[in-house]
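K.L.:
What follows is the residue order along each chain.
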Amino acid sequence: MRRTTLLAVICFILGADSLRGTDWGFSAGASMCLLRQKEVQDVYGIGYPIGIQAWTGWKNVRISAGLEYLSESGRALPLDGGQDDFPLKLKVTSIPVAVYYQTWIRDVFLAAGGGVSYSMYKEKWEGLGMVVKGQKWGPVLALLGGYRLNPSWSVFGNVRYEPMPTGKSSLLVPEVKLGGLKIGAGVLFSL
Amino acid sequence: MKPFRLLLVFFLAFYLFSLPRPLPLAKISKGTPDLVDILKGYQIDVLQELETCFLARANRNELGLLRRRGISVSVLDRDSLGKEHFLVRVVSPARLNVLTGRGHVQQVEPDLFLFWADSGDPLTLLPPDVERKPLPRFSILPFLRTHPHPAGLPLGLQVNDVIATIVGEVSRANLRSHVQSLQSFQTRYASTDNCELAGQFILNRFQSYGLEAWFQPFTFGQGISTRNIVAEIRGRTDPEEIVIICAHYDSTSSERTVHAPGADDDASGVAAVLEAARILARYPLDFTVRFIAFSAEEWGLYGSRYYSNGARASSERVVGVVNLDMISYADNMPEDLDIVVNPASWWMAERTGWVADAYTGLTVRKSINPSFVYSDHSPFWDRGYSAFCGIEDEDVNNPYYHTPGDTIDTLNFDFFEEAAKTALAALSDLAQPVRSGYPGTPAGLMAESTTYASAFTAVKNVSLTWQAGSDAAGYNVYRSTLPHLGYTKLNTSPLAAANFTDRALKTDTAYYYVVTAVGSGGVESNFSREVESPAELPRYEQPELGRDTFPTIWRWR
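Order-wise, the sequence lines are chains A and B.
When the letters of the first sequence are read in order and numbered with our numbering, they come out as residues 1 to 191.
When the letters of the second sequence are read in order and numbered with our numbering, they come out as residues 1001 to 1557.
Bound conformation, chain B alone:
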């Protein structure tokens, strides 16, 4: 019997040992200096950045290491594997009680909760009018940035007369017509036939402007089918650089399958996208512009999630995303437009603020708030793309929000028109209309870094090359340590050749470059596409997790 018993014990032990270990989902509080560097050093699987914390999947060993460094860590779900977690915004105790009865609920921030269910489809368990975002299933760690946000930074931008003309073409009548048409579908709740009909209407409108447009079909939840609608104006200078303007065309309400007019949320955003497409269709642009109407936003941002996953998988170079969600209701006048960004997209808020001052009469309120995740910009953040959400109020004040009362007669078209102009100006600023009488924008800018190391430090040379233009008498090279703004000219007189080497730079700093062509009369072209020379990471193997040698690795910075 003894060998049999031993064998039994052995197999039992083997079975127990081979069982998958629980992988907790934890909240890692911000407040520790260099927290992002620490998370990168330990390769923690960060799933979500919020205003006060990160949500991350980390094993006990990793959590222990973070705690030993004095970082506040609390476990939200002891075993997160195989579950779909949702971030939900809950403002009333009654709604919280409903959620608690249907699954697990953990508070993450004020009004922000994590919801998951052990069984059943979480999409059907969540009340339909609750704002929600499914947590990504991949780590967003590589995309976390810690740019400084200097106040009063000179942006180094110049007013472009063509953009002023473009903005002046926004038609209030067209905006009204688009909203009226979308509202007339009664409901656009994704999964209904009317939603698909609304999608067809949007596609037809894009095509009527002479744009190439197509459906992007996808499924979500338990096999629900719907479609994003995408239209494109291909760029003349660097068409692989893509600027996106988007809004969601689906809607919801307490009577979602029969009556969800969604005039403000978000026919207003779609109307602005359509109007932008109509106007820009007649202008040559340096970079490609995509106009996208997403579906299934109200279900959990599924349309934008599908699109942004595909964009990252095919390594699309998305310069920036202008997401418009509820831009037509004014609780008081003058209403301002809130521009909400995450830390990595900070530059977009700065540029949009500048653009609004330069081309429109609207005031924008810039907000860096990574906890603002309930719209289609958020999946782009997760995939490392810069994006902002333009919204009438970051804290939604529209009393008709997600109700059958969200109709066109509640909208303020004075504000709506200015908001649409601001969005179009921001889009045009990124896509860069080609100007007649100016030299062509330099195309194909590339950067290559060469590093030189001493015993202690290193420097890098950044070699820039671009395609020579036939109408260029010379070139100017600009550099910044922040993306897309704050450029400083490096050369004192225009360069004759289409190349330049920037020597002896810090290796722990990212540098951003653009080039302009200078015409014979001294006029300067638009900026070329921006290229980055990223900060160098250590070139030696990272120590294994568990050996607390971390501080040494990053001390070189």
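Extracted from the complex, chain A is given alone in its bound form:
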């Protein structure tokens, strides 16, 4: 499934480029994952995912595909006032693919867009060896703003809403959602 997804992403980018791709770029950044599902936030707190993305575009339309990674530690939530301690580890790898509409005001660019994200997650109870893993598609909505430092380098900031639904229910919620509102920043290199 992962290989198929990666191939699909590459085909998508190459396909978009072959339309009339005029430029390419790569970016790297980090973000804070806020406003998560309360039950997830209670266990893991704020998440700090890091990621890289490839960009291409034509006129005002830009397409991005990337790879994002989140690794978090947490503690199981005592629901009945217990004193025991169960450490947890959560790892999420996601592949977001999005289409943006971009506009320039001198050296400042603004973009808004949306797409889908394929997330693969794995939660482990450290002392017990219990593991839950899975993968699922989810939506992504994003606003992006940046400043071109020179023809090759830009800095940017973004706000993304990426709920990362998992399709799995828990004792506490009908469906666990690992994502939330992500506020991030990074650098972009244009070829």
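The reader is advised that the hints may include incorrect statements.
Claimed, not checked - For lysine-lysine, the following BS3-like pairs were computed, each having C-alpha atoms within a straight-line distance of at most 25 Å:
1) Lys91(A) to Lys38(A)
2) Lys1030(B) to Lys122(A)
3) Lys122(A) to Lys136(A)
4) Lys133(A) to Lys1506(B)
5) Lys89(A) to Lys1506(B)
None of these hints come from the bench; they were simulated from the model.
Keeping the supplied structure of chain A fixed, place chain B upon it in accordance with the hints.
P.N.:
Leaving out everything else, chain B in the frame of chain A:
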């Protein structure tokens, strides 16, 4: 005129809208995996579990949801509100014709029909010798269980010498004497004076054994009065744990008001109860034993229904019910004793089978058959208590059944004695005779669960506490995922303290615990009372009925 017309239409519409909507009584066929979970998810009012189906009150919306999930549903009565429905066993077409002429009849299973009448007292409309059970008016949904029934499970039980001694005290002469005495009342048909006299006789016998005994009066049908007779031996360790042995003392026949000897049905059961009371009266027991002779069983299980409703209302902790109904007729020898249970009481059949092997020479035939509802164990099932019916043949083969010919001379006392011994052994196994030379059974075992949740899953710790015994050098803790059998010891060496925490368990599994005390010589006491840490249910609000989000809710399991 127009405003008047509008007002009229408005009131008419309001009246029509406010009319009570019909509430169908439906048959929901089994066969769908996780059907019990689905019924629980939709909070369907299940009134009866049968072998092949459930009978439930459900509105059209609920029935539609079940059908959309591929579950076979058929409506038996379009509007069930305010009616008393009876399950009746009918084996002859002639009898079916009689019923059809008196009310509505719908077939539910082979030989099993639902009967109700639009007017008149259904009790008088039903032929008196027809086996019947009024459907409960409450939902049995909370009590439906889906335990696995593994074959060849090691039960983890040990032979108790005291039980062997107890079983050896059963007297054939006493059994014969009790049956003869009960038969001598000519009839014990509930509503007759002779039935009440028979009740007084049973009370006197209980009291003659030194037991505390009392009448439990109740009325049924159109104000008919009668009485259950209850006797008790109070437990020494955990007296709030109650084990019941019961039988019905009323009888019926085609000449029911004058001649219904009911020797097999069910003087035999009452005789075994009396004999059990006589013997156990001299033995200290860990748990309380109640000996009950029910009345009005033949009318529709009214005595046991009254008792079990009261037990549930006062939250009595009934460990198990041993119901004896027709245990003395043998159509061929060697006769075996049928032990009939519902799925939730499966453990009782397993334990009774083990007990019969260990203490008697009788073979028991275990049968999980929730459609076997025509005796006093059934109301206990409805109230969520484990119970079994001990009977000579699940498919009644006694040709004198419900006839004036059901007399003592037709009984087989070889079989009867072994059946009475098996019942007494099963009762003693649950009530646990105190053994001299062994440490005292730990009392007051309690379990408290603490749950820890991650994003996806959860685990629970179960903390056990019990009262420390003065003669205990240590304790062993046992756990099972099935009630009352299959225990595994959790500790490698005896625990010094009277508490234990079982860590990191699955939250979707029920766990059952018992504790033993270990003496200085290494001998182990009886098991303590069993405590349960139930499977956790989701802690979020269930979606409203009608939104078909059900699969998501239960997927966590």
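K.L.:
Take the hints in turn and mark each one as holding or not.
P.N.:
Do the hints match the structure? See the list:
{"no.": "1", "hint": "Lys91(A) to Lys38(A)", "verdict": "holds (18 Å)"}
{"no.": "2", "hint": "Lys1030(B) to Lys122(A)", "verdict": "violated (37 Å)"}
{"no.": "3", "hint": "Lys122(A) to Lys136(A)", "verdict": "holds (12 Å)"}
{"no.": "4", "hint": "Lys133(A) to Lys1506(B)", "verdict": "holds (17 Å)"}
{"no.": "5", "hint": "Lys89(A) to Lys1506(B)", "verdict": "holds (19 Å)"}
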